[in-house]
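Participant: One-letter residues, chain by chain:
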Amino acid sequence: MTEELSKVSDTNVAGGSSSIAALSDGMALLEPEISQKILQIMPHRTPMVFIDRVVALGEGRVLCESEIRDDHILFRNGAVSAVAIVEIFAQSAAALIAAGLLKDPNARMAGALLGARNLFWSVETLELGKTYQCRAVDNWGAGALRQLECELFCDGESVAKGAINVVATGDIPTG
Amino acid sequence: MTRDEIFSAVVDILVDNFELDANDIKGETTLYEELDLDSIDAVDIFVALRDLTGRRPDPEKAKAVRTVDELVAFVEQELADKAAGKPEPATDRPSE
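The listed protein sequences derive, respectively, from chains A and B. Here the working numbering is used: position 4 in the first sequence is 4, and no number is missing along the way. One rule links them: number in the working numbering = place in the second sequence (from 1) + 175.
Okay, chain A solo, but in the shape it has when bound:
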């Protein structure tokens, strides 16, 4: 565990110790205002925002959190279908790419999920009231195309993993 992580308290990470368990080496926790800026750069808007905050960031990797509430667009019969996992992966990837645009105050990005590879999950639904952590790690990319390895955690346990391919145009000025 890095020195930065040793400073973490449960007060600034919603998932508390489970979030810390999902962190990997080289990631530093983000201040809430930085997280908010990243979310603003991302193209996703309500009701299609599936991640609530960007918890930590490192070289080619990010950790995001997703709280399951009853106003989720995929909330049915008391839970959210596990198909939402793929979108959580995609939005975590978007968060990583958006973080690379933080220096530009007018930065906006666009992108799309192209496909998923080797996707596994051990849950049928995402439970109401639970907070899930998604770690996305950049595998490789050329130009606008990238592949990221993603893993979803709940209560410190891995519940899903897989790779996703995305296209992101990045850095579209708004004038």
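Treat each hint with caution, since some may be false.
SDA-like mimics (lysine to any residue), calculated; alpha carbons at most 25 Å apart, straight line [to be verified]:
no. : chain 1 : residue 1 : chain 2 : residue 2
1   : B       : Lys238    : B       : Asp216
2   : B       : Lys238    : A       : Glu59
3   : A       : Lys161    : B       : Glu208
4   : A       : Lys161    : A       : Val83
5   : A       : Lys103    : B       : Thr266
6   : B       : Lys236    : B       : Met176
7   : A       : Lys161    : B       : Val190
8   : A       : Lys161    : A       : Glu87
9   : B       : Lys261    : A       : Gly26
Take a look, some chain B residues computed to stay more than 10 Å from chain A by CB distance [said to hold, decoys possible]:
no. : residue
10  : Asp187
11  : Tyr207
12  : Leu212
13  : Ile215
14  : Lys257
15  : Ala258
16  : Ala259
For the record, the hints were derived by calculation from the structure and aren't laboratory data. By construction, the Cβ of each residue, glycine as well, lies at the ideal position given by its N, Cα and C atoms.
Guided by the hints, dock chain B onto chain A, whose structure is given.
Facilitator: This is chain B only, laid out in the frame that chain A set:
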């Protein structure tokens, strides 16, 4: 790895990832026209090659690869660069 071993590993990657027939894959075979792969498939290929070489593929050189032989030569160069201790290329960012 010898060139033949690299060629065999490249064929395995293509067959395993895209359900291609190994008999259709020759050195001069073009990836995009003859094997009908696309740029998204190319990302999968180079991620697999990263696992093979233990080194992040150079995105600029990767974009120039068109045939299986060029892919084999690409791997040879990556392995040579690794053996020479050359640093890995910078990440190709979407905004660049």
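Participant: Next, verify each hint and record whether it holds.
Facilitator: Comparing the hints with the structure gives:
Using a Cα cut-off of 25 Å, the hinted pair lysine 238(B) and aspartate 216(B) holds, with the two alpha carbons roughly 12 Å apart. Distance check on the hinted pair: lysine 238(B) and glutamate 59(A) sit about 23 Å apart at the alpha-carbon level, within 25 Å; holds. With a CA separation close to 33 Å, the supplied pair lysine 161(A) and glutamate 208(B) exceeds the 25 Å bound. With a CA separation close to 12 Å, the supplied pair lysine 161(A) and valine 83(A) stays within the 25 Å bound.
Annotation: proposed proximity of lysine 103(A) to threonine 266(B) holds, straight-line Cα distance about 18 Å (limit 25 Å). The straight-line distance between the Cα atoms of lysine 236(B) and methionine 176(B) is roughly 20 Å, inside the 25 Å bound, and the hint therefore holds. A threshold of 25 Å between alpha carbons decides the hint, and for lysine 161(A) with valine 190(B) the separation of about 23 Å falls inside it, so the pair holds. Taking the CA atoms of lysine 161(A) and glutamate 87(A), the gap is near 12 Å; set against the 25 Å cutoff, the hint holds.
For a cut-off of 25 Å, the pair hint linking lysine 261(B) to glycine 26(A) stands: about 23 Å separates their Cα positions. Non-interface call for aspartate 187(B) relative to chain A: holds, since the shortest CB-CB distance, roughly 16 Å, exceeds 10 Å. Distance check for tyrosine 207(B) against chain A: the nearest CB is about 14 Å away, which clears 10 Å, and the non-interface claim stands. Chain A leaves leucine 212(B) outside its interface by the beta-carbon criterion, the shortest separation being 13 Å against a cut-off of 10 Å.
Non-interface call for isoleucine 215(B) relative to chain A: violated, since the shortest CB-CB distance, roughly 5 Å, does not exceed 10 Å. The beta carbon of lysine 257(B) sits about 15 Å from the closest Cβ of chain A, which is more than 10 Å, so the claim that it is off the interface holds. Interface exclusion of alanine 258(B) from chain A stands, the closest Cβ pair being 21 Å apart, more than 10 Å. With a least CB separation of 21 Å from chain A, alanine 259(B) remains clear of the 10 Å interface cut-off, as annotated.
Of the numbered hints stated above, those contradicted by the structure are hints 3 and 13, listed in ascending order.
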